[in-house]
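Chemist: Could you put the whole structure together from the sequences, leaning on the hints where they help?
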Amino acid sequence: MTVAPRAPERNARAQPDAGPALARWEAVAARYPFADRDAVGPVSLALRRGERALLLGPSGCGKSTLLRALTGLSPAGADPALTGRTTLFGRDARARPAACWADTVAFLFQDAEETLCGFTVEDEIAFAPENRALPPARVAALTAGAMARVGLPEAWRRRRVATLSGGEKQLVALAALLAQDAPVAIADEPTANLAPKAAARMSALLLGPDGPAATLVVDHRIGSAVERIDRAVALGPDGRATAEGSPRAVFADAGERLEALGVWTPLASCLHRALGRAGLVLPPPLKVNEILRAVDGLAPAGRARARRVAAGFAPEPPHAARKPAMARLDRVDCAPPFGPVVLRGVTLEIRPGEALGVLGPNGAGKSTLAACLAGLAPLRAGRRHGPPGAVAFQNPEVHFIGGTAREQLLLSGAPAAGVDAALAAWGLADVADRHPFALSQGQKRRLALASITATDRWPLVVLDEPTAGLDARGAAAIGAQVARLAGEGRALAVVTHDMDFALAVCARTIVVTEGGVLAEGPTAALLRDRALLARAGLAAPEAGPLLDWLERR
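Residue 361 in full-length UniProt numbering sits at position 361 of the sequence shown, and the numbers go up by one each step.
Careful: at least some of the hints might be erroneous.
[To be verified] List of simulated lysine to aspartate or glutamate pairs, EDC-like, C-alpha gap at most 20 angstroms: (1) LYS287 <-> ASP253; (2) LYS323 <-> GLU520; (3) LYS287 <-> GLU551; (4) LYS287 <-> ASP548.
[Said to hold, decoys possible] Here are the simulated distance ranges between beta carbons: (5) ARG160 <-> VAL281: 55 to 63 angstroms; (6) GLU227 <-> ARG553: 22 to 30 angstroms; (7) ARG49 <-> ALA278: 41 to 49 angstroms; (8) ALA421 <-> ASP79: 30 to 38 angstroms; (9) GLY413 <-> ALA99: 40 to 48 angstroms; (10) ALA476 <-> PRO324: 41 to 49 angstroms; (11) ALA278 <-> ASP330: 23 to 31 angstroms; (12) GLY208 <-> ALA476: 27 to 35 angstroms.
FYI, nobody ran anything at the bench for these hints, they're computed from the structure. Using N, Cα and C, we set each Cβ at its ideal position, and we do this for glycine too.
Modeler: Below you can see the structure in the form of structure tokens.
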């Protein structure tokens, strides 16, 4: 057995206070109307001043419900019965209406539409301080400061929120949270719809030293921000806590169990466990580079053994389609409905049996281009050739017309004999008789995808952010479904901010920015082009350092 020395733990930020909790959940459980079991809990959790905490768990385990239980926020008409006690700054949180805590706790919801009211960007950001009756000068200062911190251009002040992309709306929601100037921030999947550069800014503002006094984040893929987290709490499928501690300790001690539950765990932790099974005992890492440095310090025999293990974690290149194009855009100009042209002179084709990755920063026009490729958006110039396609939109709720998940598939054209199999294929068999709006965000996304792909009506399918809000198991299931659909001869355009997902499922990728298609080529090559990634506001996949390391050896 080869043992490497333990690296010192790094934490650039001061440790959280040991004093009283700013927010506390005491044996909290929640049960929705007509449910036969609790959606979450009982769970006890405390959030202290200076703390940045991460709440993990598989899709549908009740994470969002637990967050909302703090002040009694819940979707209209679906108030769960709550047991246990929640406190804010030592006071019973339910002794006052949720709105009365607006100066104390700020929420950033997974769906930005829940935060935004449909005003202009400036109105949205100023809304919370105005409702607190702050002086106009103070409202103006908070609004300007929040816009500057998030990086929103001054020209956005008068833009209607309805004209923004999903990721841009999330950035406006973040600015609104910062302008609220509350000491406690609760963020539910804040980076799900953000490109890597914007996600890094989001994490820095919420989790950095200049952020709120205390922050609790739910995120399936905390990625580069994991080092900013002080404490991680993982919930199991039953909605109860199954692990708690520093991220390094949780992923080292409970990582295998969490992975089996479908919870996202860092690639470095997965590699660490595999190396341990091979007899290589290394310090528990959080980042891939961290464990690779430890491997480089091993004796030659240990390094050779580690390389064989690490090679198993390199994504297999997806199959590249070689058939004639199914659909083609010929020198087209693309624009969102009622909006200006955002892409000019684009020529692009997609082939049967292909999953084409569509990457780019927020607001670059990726969704607009994908809608044009599917024939759902009128072109301002140029021509489209090929059959019509379907789009699985970023917001899955726009698809729902059925009263249950099963009815949703039937109304989408799925044959009755195949509905149960389709639900099972997408991991929805257990919620077949639940209303689509009663599902978790991850389950809603899978149902929307199932309703489009359960029929062979659409040879061309656009998946717009298919993994946003999904846990590791859900994302892997989406990847398997993409491969299956491509194997059946369908053409798929995958709009995503998940670089590792694109690397795993898309043989060919385009990068959309600067008013057009900046680059096109094999996904692995594009995602290792550092100059291209920097120019487009993207980031290397989590597996990138591992691929580079394997290539050097």
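Chemist: Each hint should be assessed against the structure and marked as holding or not.
Modeler: So, going through the hints one by one against the coordinates:
1. Our distance criterion of 20 angstroms between C-alpha atoms is met by LYS287 and ASP253, whose separation comes to about 16 angstroms.
2. A hinted pair counts as satisfied when its Cα atoms are at most 20 angstroms apart, and LYS323 with GLU520 qualifies at roughly 18 angstroms.
3. Simply put, LYS287 and GLU551 have alpha-carbon atoms about 19 angstroms apart, close enough for the 20 angstroms limit, and the pair holds.
4. With a CA separation close to 14 angstroms, the supplied pair LYS287 and ASP548 stays within the 20 angstroms bound.
5. About 57 angstroms separates the C-beta atoms of ARG160 and VAL281, a value consistent with the hinted range of 55 to 63 angstroms.
6. A hinted range of 22 to 30 angstroms holds for the C-beta pair GLU227 and ARG553, which are about 26 angstroms apart.
7. The beta-carbon spacing between ARG49 and ALA278, approximately 43 angstroms, falls within the hinted interval of 41 to 49 angstroms.
8. Between ALA421 and ASP79 the C-beta distance comes to about 35 angstroms, which sits within the given range of 30 to 38 angstroms.
9. About 43 angstroms separates the C-beta atoms of GLY413 and ALA99, a value consistent with the hinted range of 40 to 48 angstroms.
10. Take ALA476 and PRO324: their Cβ atoms lie about 31 angstroms apart, and the range 41 to 49 angstroms is violated.
11. Taken as a hint, the range 23 to 31 angstroms is violated for the pair ALA278 and ASP330, whose Cβ atoms sit roughly 53 angstroms apart.
12. In this structure, GLY208 and ALA476 meet the distance hint of 27 to 35 angstroms, their C-beta atoms being roughly 31 angstroms apart.
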